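Participant: In order, the protein sequence lines correspond to chains F and V.
This note's numbering puts the first sequence at residues 1 to 129.
This note's numbering puts the second sequence at residues 1 to 183.
Honestly, the hints are just simulated from the structure, not real lab data.
Please note: incorrect hints may appear among the correct ones.
[Stated by the list, open to error] Below, computed lysine-lysine pairings styled on DSS-like, alpha-carbon distance capped at 30 Å:
| # | chain 1 | residue 1 | chain 2 | residue 2 |
| --- | --- | --- | --- | --- |
| 1 | V | Lys124 | F | Lys59 |
| 2 | F | Lys77 | V | Lys182 |
| 3 | V | Lys95 | F | Lys59 |
| 4 | V | Lys167 | V | Lys113 |
| 5 | F | Lys94 | V | Lys46 |
| 6 | V | Lys124 | F | Lys94 |
| 7 | V | Lys95 | F | Lys94 |
| 8 | V | Lys131 | V | Lys182 |
| 9 | V | Lys137 | F | Lys63 |
| 10 | F | Lys2 | F | Lys59 |
| 11 | V | Lys71 | F | Lys77 |
| 12 | V | Lys144 | F | Lys94 |
| 13 | F | Lys33 | V | Lys144 |
| 14 | V | Lys137 | V | Lys124 |
| 15 | F | Lys59 | V | Lys42 |
| 16 | V | Lys46 | F | Lys59 |
| 17 | V | Lys42 | V | Lys150 |
| 18 | V | Lys97 | V | Lys71 |
| 19 | V | Lys71 | F | Lys33 |
| 20 | F | Lys63 | V | Lys113 |
| 21 | V | Lys95 | F | Lys77 |
| 22 | F | Lys59 | V | Lys150 |
| 23 | F | Lys77 | V | Lys167 |
| 24 | F | Lys94 | V | Lys137 |
| 25 | V | Lys150 | F | Lys33 |
| 26 | F | Lys77 | V | Lys126 |
| 27 | F | Lys97 | V | Lys46 |
| 28 | V | Lys71 | F | Lys59 |
| 29 | F | Lys77 | V | Lys144 |
| 30 | V | Lys113 | F | Lys33 |
| 31 | V | Lys46 | F | Lys126 |
| 32 | V | Lys42 | F | Lys77 |
| 33 | V | Lys91 | F | Lys59 |
| 34 | V | Lys182 | F | Lys97 |
| 35 | F | Lys77 | V | Lys21 |
| 36 | F | Lys63 | V | Lys91 |
| 37 | F | Lys63 | V | Lys95 |
| 38 | F | Lys33 | V | Lys42 |
| 39 | F | Lys63 | V | Lys42 |
On a predicted model such as this, the values are computed, not experimentally measured, just so you know.
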Amino acid sequence: MKKKILIISLLAITIIAYFGYNYIYQDHRNISKEDADYTINASEFITEFVSDSEIAQTKYLNKTIVINGNITAQTNKSITLNNIIFCSLLEINKISKDSVVTMKGRFIGYDDLLEEIKLDQCSLTKTNQ
Amino acid sequence: MKHLFSALCLLLMISVTAQEKFLTKTGTVIFEASMPSFEEVKATNKNTTAIINTKNGEFAALVLVKGFRFKNALMEEHFNENYAESDDYPKATFKGKISDFSIDDLNGTSQEKRYNGSLTFHGKTKSLNNKTLSITKSTDGSLKITGSLKVNVADYDIEIPKIVSNKLSREVDVIFEFILNKK
Numbered sequence: 001m002k003k004k005i006l007i008i009s010l011l012a013i014t015i016i017a018y019f020g021y022n023y024i025y026q027d028h029r030n031i032s033k034e035d036a037d038y039t040i041n042a043s044e045f046i047t048e049f050v051s052d053s054e055i056a057q058t059k060y061l062n063k064t065i066v067i068n069g070n071i072t073a074q075t076n077k078s079i080t081l082n083n084i085i086f087c088s089l090l091e092i093n094k095i096s097k098d099s100v101v102t103m104k105g106r107f108i109g110y111d112d113l114l115e116e117i118k119l120d121q122c123s124l125t126k127t128n129q
Numbered sequence: 001m002k003h004l005f006s007a008l009c010l011l012l013m014i015s016v017t018a019q020e021k022f023l024t025k026t027g028t029v030i031f032e033a034s035m036p037s038f039e040e041v042k043a044t045n046k047n048t049t050a051i052i053n054t055k056n057g058e059f060a061a062l063v064l065v066k067g068f069r070f071k072n073a074l075m076e077e078h079f080n081e082n083y084a085e086s087d088d089y090p091k092a093t094f095k096g097k098i099s100d101f102s103i104d105d106l107n108g109t110s111q112e113k114r115y116n117g118s119l120t121f122h123g124k125t126k127s128l129n130n131k132t133l134s135i136t137k138s139t140d141g142s143l144k145i146t147g148s149l150k151v152n153v154a155d156y157d158i159e160i161p162k163i164v165s166n167k168l169s170r171e172v173d174v175i176f177e178f179i180l181n182k183k
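One chain only, chain F, in its complex shape (with noise of 0.2 Å):
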């Protein structure tokens, strides 16, 4: 008898252990692969955010937002849409040569200093000639 509640005891912390470590060391949002909360042009992402920053922003922030816009700018870790839309890349830019992209990623936040609209962890997932 005493051995069984010995056992069972023992699962028991080993299962608290478990889901306690796995908690505490939970991954980071993977970006990349979740399902994005908006799929959304780039002009009418803008739109959004030149009648009103505030709305916007609370609206989509920290959310996963898929865009379709034009590249206007690039660098090595970054990628820029119709000139406001600021993604910075998860992986090193290979440069791309589309102009029609789409992009996923979290929007961080407005940027008021530039008027840009900032998002982390972009990956290209689309690219239409």
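Mind docking chain V on chain F? Use the hints.
Facilitator: Coordinates of chain V only, in the frame set by chain F:
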């Protein structure tokens, strides 16, 4: 004729202002609130915007708080939800001025400069007086600005619960590095 003149003036103004600004969209800001022998409490933001007006030394930086990345995902979540409350306060900003700034005096060796300004975080603004930073002008024409400062969390209305009080420093080290290019 009048229109042509004002158009010319406008053009001139645009070209003059364009030459005076250096900026980055991918500056680095790191903060660390670790305590010895406890788990590291450190986060890095690599998407900081910083602008300097090289004519008068006016300087501004904007950090989007959600962009701070921790090694530990749970720590990142707690930082955003309980401490920085980034849903309500998504931005941290600095506005200030570097004293005795002159772009012509800068060169490849780093120079120490003093600056004054105000730092806004978590909805609270505090002034920073007589802090130092270093500026270097690289051969490619970019400006590198680096520095660090200590920030008291109580100044920004951030409460540290008793249960974690020995694991978190009340004085946070903030380190910044911006490589600014001519706009």
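Participant: For each hint, tell me whether it holds in the structure or not.
Facilitator: Now the hints, each set against the structure:
no.	hint	result
1	V:Lys124 to F:Lys59	23 Å, holds
2	F:Lys77 to V:Lys182	19 Å, holds
3	V:Lys95 to F:Lys59	27 Å, holds
4	V:Lys167 to V:Lys113	34 Å, violated
5	F:Lys94 to V:Lys46	20 Å, holds
6	V:Lys124 to F:Lys94	41 Å, violated
7	V:Lys95 to F:Lys94	35 Å, violated
8	V:Lys131 to V:Lys182	25 Å, holds
9	V:Lys137 to F:Lys63	38 Å, violated
10	F:Lys2 to F:Lys59	57 Å, violated
11	V:Lys71 to F:Lys77	20 Å, holds
12	V:Lys144 to F:Lys94	26 Å, holds
13	F:Lys33 to V:Lys144	36 Å, violated
14	V:Lys137 to V:Lys124	33 Å, violated
15	F:Lys59 to V:Lys42	28 Å, holds
16	V:Lys46 to F:Lys59	23 Å, holds
17	V:Lys42 to V:Lys150	14 Å, holds
18	V:Lys97 to V:Lys71	33 Å, violated
19	V:Lys71 to F:Lys33	19 Å, holds
20	F:Lys63 to V:Lys113	40 Å, violated
21	V:Lys95 to F:Lys77	27 Å, holds
22	F:Lys59 to V:Lys150	33 Å, violated
23	F:Lys77 to V:Lys167	34 Å, violated
24	F:Lys94 to V:Lys137	29 Å, holds
25	V:Lys150 to F:Lys33	38 Å, violated
26	F:Lys77 to V:Lys126	33 Å, violated
27	F:Lys97 to V:Lys46	25 Å, holds
28	V:Lys71 to F:Lys59	27 Å, holds
29	F:Lys77 to V:Lys144	19 Å, holds
30	V:Lys113 to F:Lys33	45 Å, violated
31	V:Lys46 to F:Lys126	25 Å, holds
32	V:Lys42 to F:Lys77	23 Å, holds
33	V:Lys91 to F:Lys59	15 Å, holds
34	V:Lys182 to F:Lys97	25 Å, holds
35	F:Lys77 to V:Lys21	22 Å, holds
36	F:Lys63 to V:Lys91	16 Å, holds
37	F:Lys63 to V:Lys95	28 Å, holds
38	F:Lys33 to V:Lys42	26 Å, holds
39	F:Lys63 to V:Lys42	23 Å, holds
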